[in-house]
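Line by line, the protein sequences give chains G and Y.
Going by the numbering used here, the first residue of the first sequence is number 1, and it counts up by one from there.
Going by the numbering used here, the first residue of the second sequence is number 173, and it counts up by one from there.
You may find that some hints are simply not true.
[To be verified] Only pairs whose alpha carbons sit at most 30 Å apart, straight line, appear in this in silico BS3-like list of lysine-lysine:
1) K265(Y) x K169(G)
2) K265(Y) x K24(G)
3) K265(Y) x K168(G)
In case anyone wonders, no lab produced these hints; they're calculated from the structure.
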Amino acid sequence: MIEVLFYVFAAVALGGALGVVWAKSPVGSLLYMVATLASLACIFVLLEAHFLAAIQVIVYAGAIMVLFLFVIMLLNLGHDYQWDLKGGAFSLLSFVIIGLMAGVLVRQFGENAITEPTAGGRAIDAALAQHGAVGAIAQSLYTTYVVPFEITGVLLLVAIVGALVLAKKGGR
Amino acid sequence: MITEALVLSAMIFVLGTFGVLVRRNAIIMFLCIELQLNAVNLAFIAFSRLMGIDGQVFVFFVMTVAAAEAAVGLAIIISVFRHYETVNVDNFKLLRW
Chain G
1 MIEVLFYVFA
11 AVALGGALGV
21 VWAKSPVGSL
31 LYMVATLASL
41 ACIFVLLEAH
51 FLAAIQVIVY
61 AGAIMVLFLF
71 VIMLLNLGHD
81 YQWDLKGGAF
91 SLLSFVIIGL
101 MAGVLVRQFG
111 ENAITEPTAG
121 GRAIDAALAQ
131 HGAVGAIAQS
141 LYTTYVVPFE
151 ITGVLLLVAI
161 VGALVLAKKG
171 GR
Chain Y
173 MITEALVLSA
183 MIFVLGTFGV
193 LVRRNAIIMF
203 LCIELQLNAV
213 NLAFIAFSRL
223 MGIDGQVFVF
233 FVMTVAAAEA
243 AVGLAIIISV
253 FRHYETVNVD
263 NFKLLRW
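Taking the hints into account, I'd like the entire structure generated from these sequences.
Right under this line is the structure:
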């Protein structure tokens with residue numbers, strides 16, 4: 001059952017990713033992106049990352065995508081339907097090269113396929129059972145990674161100030 | 173399912189890279205970068221099934237950095253749009269030879 005669900009969500013995510021690249025209008029691209037993010041959140045749940053799935057929906061699909069939509073509407077790009085793919089040989093060449101790279105990766109993963117439950121998976125299941133979905137990640141976030149966590153707060157402050165200064169009218 | 177998730181992550185990352193290389197609309201290039209970040213997040217979560225909870229903590233940080241990057245990047249796009257009246261990167265030739 002879980003396998004079937006995984007393949008359904010994987011198909012939606014891949015289709016959405018294709019849509020992001022091929023859609024003509026920016027708003028269309030954005031809606032395909034929301035579909036991709038939502039199905040990736042479902043895959044996170046299947047991989048037992050419940051807290052991150054919620055964050056994915058709230059922060060990514062909720063906040064960041066709405067920010068993109070605001071900018072598209074602010075700049076009035078909603079009816080920008082011209083085909084802006086860079087043409088012909090270059091596009092084909094880049095697709096072949098990165099397709100080959102992906103092929104090598106997929107072959108590596110296929111050769112070392114993991115089927116039985118692993119030590120890390122059992123540790124995560126135990127932490128989930130003991131602390132719950134939020135507590136399991138908070139346990140590590142507020143002890144081992146507390147300094148990076150504080151630095152992340154400073155980074156967000158810098159980003160807010162930077163965005164304000166950059167987008168200010170007539171700003172230098 | 174871990175292997176399948178890693179393969180899916182590789183495919184989404186390739187699609188995102190392809191989009192950044194071929195699309196000329198700055199906002200869609202940004203969306204494709206977000207696609208790449210999400211592919212990496214999926215790989216982190218799949219590997220955290222092998223290595224323990226640390227991978228999920230890293231995904232948390234990646235999401236924070238992605239939010240900061242989107243805010244600053246969109247501010248840059250707005251400020252460039254004021255100057256050139258377009259978001260097509262082919263028209264930004266000030267630093268190009």
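Flag every earlier hint the structure violates by its number, smallest first. none
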